[in-house]
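Visitor: Keeping their order, the protein sequence lines are chains G and X.
So that you can map any letter, position 46 of the first sequence is 45 in numbering that gives the first Met the number 0, and since no number is skipped, the others follow by simple counting.
So that you can map any letter, position 75 of the second sequence is 74 in numbering that gives the first Met the number 0, and since no number is skipped, the others follow by simple counting.
Calculated directly from the structure, the hints in this document are not laboratory data.
A hint or two may mislead.
Going by beta-carbon spacing under 10 Å, a handful of chain G positions derived as facing chain X [as the list claims (entries may be wrong)]:
id : residue
1  : Gly-88
2  : Ser-95
3  : Glu-101
4  : Ser-142
5  : Asn-143
Simulated pairs of lysine-lysine, BS3-like, Cα-Cα distance not exceeding 30 Å [what the hints assert, rightly or not]:
id : chain 1 : residue 1 : chain 2 : residue 2
6  : G       : Lys-52    : X       : Lys-94
7  : X       : Lys-86    : G       : Lys-51
8  : X       : Lys-42    : X       : Lys-67
9  : X       : Lys-94    : G       : Lys-75
10 : X       : Lys-20    : G       : Lys-104
11 : X       : Lys-94    : G       : Lys-104
12 : X       : Lys-16    : G       : Lys-17
13 : X       : Lys-109   : G       : Lys-25
14 : G       : Lys-75    : X       : Lys-67
15 : X       : Lys-86    : G       : Lys-52
16 : G       : Lys-17    : X       : Lys-86
17 : G       : Lys-17    : X       : Lys-42
18 : G       : Lys-3     : X       : Lys-86
19 : X       : Lys-42    : G       : Lys-104
20 : G       : Lys-17    : X       : Lys-67
21 : X       : Lys-1     : G       : Lys-104
22 : X       : Lys-16    : G       : Lys-78
23 : G       : Lys-78    : X       : Lys-20
24 : X       : Lys-1     : G       : Lys-75
25 : G       : Lys-104   : X       : Lys-86
26 : X       : Lys-16    : G       : Lys-75
27 : X       : Lys-64    : G       : Lys-17
Where a beta carbon is used, it is the ideal one built from N, C-alpha and C, also for glycine.
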Amino acid sequence: MDVKYINPFIIATQTTFKTMFSTELKLNKPILKQDRRTSGDITGIMGLAGDKKGTLCVSFNERGALYLYSLLVGEKYEKVTSEIVDSIGELTNIISGQSRKEFEKIGLNLSAAIPMVIVGKNVELNFITVTPIVSVPFAFSLSNGDIDFINLDFSFEDAGSK
Amino acid sequence: MKTLVVDDFSTMRKLIKNVLKQIGISDVVEAENGKQVLDLLKKEQIELIVSDWIMPEMTGIEFLKLCKADDNLKKIPFIMVTAEAQKGNIMEAIKSGVDNYIVKPFTPEKLQEAINKAIQRAKM
């Protein structure tokens, strides 16, 4: 995949984390995902349509999702609850919006619907595209110095592709 | 100042309520979309609306247009807080009469500034 289609997602995710959590996301090396399964414990999923079509998945580990929620609204939970699920949906929504703003800068107009969230590791996903899935891992620090990860998995192709 | 916060994500409603509390606004009514509050708007004295765009049943832009078309509601400051960041969306909201447009992600300071400006403009 052309890097110009990867950069908007990277910029969007890093901007979102910097603004909402005052947290730097360290970009690790993007890879082509070999399976069509969720990468983390809790995954936000958003379809994209318009000049191109595709699917964006934002995957979190449980620990990272709980931590980010506590930063966002000041409430701590020990396990994934409906509130945590909700927050992942909203984060996915925000990353999608920022990505689409970046895509607009390179002349691509995309729209998105309301995201959905899956709780569970290795859940099989039915991507609407046939193109390879690019997986972009990011690392971030928790308040205790531990490192956690999020994964951006996306697949993108021309709108008229079958 | 009685404020209506409309967003289908409870996390965002909570976040916005926290920001409102920091600037002294604690009388807040919440809803998941505009359709839920159309009756409430006729009965309650809402003085500020903070609304998302993409929501089920009634989008924020539909809700905005309804408010601005109603003689009793059109003067209520209406702030859109949304992930829709493309120029076309922003222009559509401006043309529909939005008083301020905040793109997610936002800092609490940015939202506070937008709310204060909207309140000042409404007083004029």
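Visitor: Against this structure, judge whether each hint is valid.
Guide: Tested hints:
The interface hint given for Gly-88 of chain G holds, since its Cβ lies 6 Å from the closest Cβ of chain X, which is under the 10 Å cut-off. The restraint placing Ser-95 of chain G at the interface with chain X holds, with a minimum CB-CB distance near 7 Å, inside the 10 Å limit. Restraint check, Glu-101 of chain G versus chain X: the minimum CB separation of about 9 Å is within 10 Å; hint holds. At a threshold of 10 Å, the smallest CB-CB gap from Ser-142 of chain G to chain X is about 19 Å, leaving the interface hint violated.
Taken as an interface hint, Asn-143 of chain G does not check out: its beta carbon lies about 23 Å from the nearest beta carbon of chain X, beyond 10 Å. At roughly 29 Å between alpha-carbon atoms, Lys-52 of chain G and Lys-94 of chain X fall within 30 Å of each other, so this suggested pair holds. A C-alpha spacing of about 18 Å is found between Lys-86 of chain X and Lys-51 of chain G, which places the hinted pair at or below 30 Å, so the restraint holds. The hinted pair formed by Lys-42 of chain X and Lys-67 of chain X meets the criterion: a straight-line CA distance of about 17 Å does not exceed 30 Å.
This hinted pair does not check out: Lys-94 of chain X and Lys-75 of chain G have alpha carbons roughly 41 Å apart, beyond 30 Å. Taking the CA atoms of Lys-20 of chain X and Lys-104 of chain G, the gap is about 36 Å. The hint is violated against a cut of 30 Å. Simply put, Lys-94 of chain X and Lys-104 of chain G have alpha-carbon atoms about 22 Å apart, close enough for the 30 Å limit, and the pair holds. For a cut-off of 30 Å, the pair hint linking Lys-16 of chain X to Lys-17 of chain G stands: about 21 Å separates their Cα positions.
Of the supplied pair hints, the one linking Lys-109 of chain X and Lys-25 of chain G holds, its CA atoms being roughly 25 Å apart against a limit of 30 Å. Note on Lys-75 of chain G and Lys-67 of chain X: the hinted pairing is violated, with a Cα-Cα distance of about 39 Å set against a maximum of 30 Å. Distance check on the hinted pair: Lys-86 of chain X and Lys-52 of chain G sit about 20 Å apart at the alpha-carbon level, within 30 Å; holds. Pair hint Lys-17 of chain G plus Lys-86 of chain X holds up; C-alpha atoms about 22 Å apart against a cutoff of 30 Å.
The hinted pair formed by Lys-17 of chain G and Lys-42 of chain X fails the criterion: a straight-line CA distance of about 41 Å is larger than 30 Å. Distance restraint check for Lys-3 of chain G and Lys-86 of chain X: the Cα-Cα separation of roughly 20 Å lies within the 30 Å cut-off, and the hinted pair is therefore satisfied. Distance check on the hinted pair: Lys-42 of chain X and Lys-104 of chain G sit about 44 Å apart at the alpha-carbon level, beyond 30 Å; violated. With a C-alpha separation of about 35 Å, the suggested pairing of Lys-17 of chain G with Lys-67 of chain X is violated against the 30 Å cut-off.
Distance hint between Lys-1 of chain X and Lys-104 of chain G is unfulfilled; the C-alpha atoms sit about 39 Å from each other, more than 30 Å. At roughly 24 Å between alpha-carbon atoms, Lys-16 of chain X and Lys-78 of chain G fall within 30 Å of each other, so this suggested pair holds. Under the criterion of a C-alpha separation no larger than 30 Å, the hint pairing Lys-78 of chain G with Lys-20 of chain X is consistent with the structure, at around 27 Å. With a C-alpha separation of about 28 Å, the suggested pairing of Lys-1 of chain X with Lys-75 of chain G holds against the 30 Å cut-off.
Among the hinted pairs, Lys-104 of chain G with Lys-86 of chain X is consistent with the structure: their alpha-carbon atoms are about 10 Å apart, no more than 30 Å. Of the pairs offered as hints, the one joining Lys-16 of chain X and Lys-75 of chain G holds, with about 17 Å between alpha carbons and a cut-off of 30 Å not exceeded. Restraint check for Lys-64 of chain X and Lys-17 of chain G: the C-alpha separation of about 33 Å exceeds 30 Å, so the hint is violated.
In the structure shown, a violation is registered for the earlier hints numbered 4, 5, 9, 10, 14, 17, 19, 20, 21 and 27, in ascending order.
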